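S.K.: What follows is each chain in one-letter form.
Protein chains: 2
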Amino acid sequence: MAEILTSSKPADWRSLDPENVLYLELASGRVVIELAPDFAPQHVANVKALVHEHYFDGLAIVRVQDNYVVQWADPDAEKPESARKIQHARRTLSPEFERAVDPKLPFTRLPDGDVYAPQVGFSGAFPVARDPKTGKTWLVHCYGMVGAGRDAPADSGGGTELYVVIGQAPRHLDRNVTLLGRVVQGMELLSALPRGTGAMGFYEKPEQRTPIKAMRVAADVPESDRTALEILRTDTPTFQALIESRRNRLEDWFHFQAGHIEICNVPIPVRPQKP
Amino acid sequence: MAEILTSSKPADWRSLDPENVLYLELASGRVVIELAPDFAPQHVANVKALVHEHYFDGLAIVRVQDNYVVQWADPDAEKPESARKIQHARRTLSPEFERAVDPKLPFTRLPDGDVYAPQVGFSGAFPVARDPKTGKTWLVHCYGMVGAGRDAPADSGGGTELYVVIGQAPRHLDRNVTLLGRVVQGMELLSALPRGTGAMGFYEKPEQRTPIKAMRVAADVPESDRTALEILRTDTPTFQALIESRRNRLEDWFHFQAGHIEICNVPIPVRPQKP
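Sequences listed follow chains A and B, in order. Be aware that the first sequence starts at 1, since it is given in this note's numbering, and climbs by one per residue. Be aware that the second sequence starts at 1, since it is given in this note's numbering, and climbs by one per residue.
Next comes chain A alone, as it looks inside the complex:
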């Protein structure tokens, strides 16, 4: 894989669009999230609206469940008197669990099938599934995917609670939660957090939570303070070569070639943008 990336061309990479990038600012550093407006336009717009009104600033990571998710939210959400107020954004939205396949949306299909979906592949940097029978496509729950937590009703989420997958892909959540983006840098700031000891990994004491300094849309941050990244395009021969290099590992260390790859094992390389 290193050789493929070394010999890649500048056109194999794209810059992240600062209008579709969120920064989750923690004391330990910055988590960079690329948003997926093609798959969750209403949720992406609403989370950006929440960010613009500083909804998340001062809230906290309230849940870390091992091999599952990290989640941040308003710890006082259930207390009417002290819950964080929303000014212009929405608290809940209709779900965006799946959308119609559109030939204009790129789709680089993987060759080896999937346990959960008829077809899987990549649309931009996002792992997606498709069902030709229904004509629908949806984002899938791989490591690092970001979703909008909800209660039991499908329309009870809206982005005020966000979670990130930190373990084995919980694919049973596909089409049950609106996924809206993916962490492209800083996963280790989330995945190495102490696990919560309460039910479902919630922290039992307020002091165990990790405070959120701020969430920002990259475009709203002065250019000098942005994290300038490039991400490998997935609609290129270079990405096809990368997939093949992971299906059949040619390094001397490997004595057996898997000959297959599962969608959540495909890495999407990210690198600092050259000034």
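If chains are identical, the list can't say which one is meant, so a pair holds when it fits in one copy or spans any two.
Think about it this way: if two alpha-carbon atoms lie no more than 25 Å apart in a straight line, the pair counts; the simulated SDA-like pairs of lysine to any residue are:
1. Lys133 with Arg249
2. Lys136 with Arg99
3. Lys133 with Asn248
4. Lys133 with Gln257
5. Lys133 with Arg99
6. Lys205 with Leu26
7. Lys136 with Phe256
8. Lys274 with Gly29
9. Lys205 with Ser28
10. Lys133 with Asp114
11. Lys205 with Gly29
12. Lys274 with Thr197
13. Lys136 with Arg249
14. Lys48 with Arg84
15. Lys136 with Asp114
Note that these hints are calculated values from the structure, not bench results. Computed from a predicted structure; not experimentally measured.
Knowing the structure of chain A, use the given hints to seat chain B on it.
M.R.: Leaving out everything else, chain B in the frame of chain A:
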């Protein structure tokens, strides 16, 4: 799933065999590993021999690579003068990457296929794959599986370096490494460790490592100091019901039933043994 476990019978559970259980003792607590002598008899015997001669005591967790593995070893392994000596155990062994299918080995097959192997299921508490064409079976790299690190030659491992999967199942390692057990309690003591910032997640400074207080075979620990656990049998109707409850989640929260399950998403319940 909770209902299925509540209504399970005592015979649905088995005690762990203390001769096939390792304790990895850290300052933060105890990691409990069940060994797999049916799949890696030589490696299991050798790791127990290493443990008996206190090979691991005072060594350290030297590598934590995000979404991949935690590994412990002798930090001075490459320095002949200070490397930990081996007395009676072996430093290297022939690989035990796969073994012949044996009708005496239990195999509860999963119904939904697999991206990497012709058949997958459970043998005892272990996720396994089978290939009817070759007549071989092997342990697969799910979250919590324990393997013997090695250098490039297939016979360069032997159990002096052990790793545990802490991320998306790295199935390309199947049949490339000898897996010898699985963590059944204490994963969060490994998975939440700070990630190493060196190549492949190795720590760059000695003080970043997590010291190993001791490794012990449970049978060698006074009974009062053992962690008495029971694990759900996988050759029972109760386990079949559990699988079905995870393929099609009936909880109100779920609006879409996956109808499928991937091997590494099947939980193997563990509970304290009643005195």
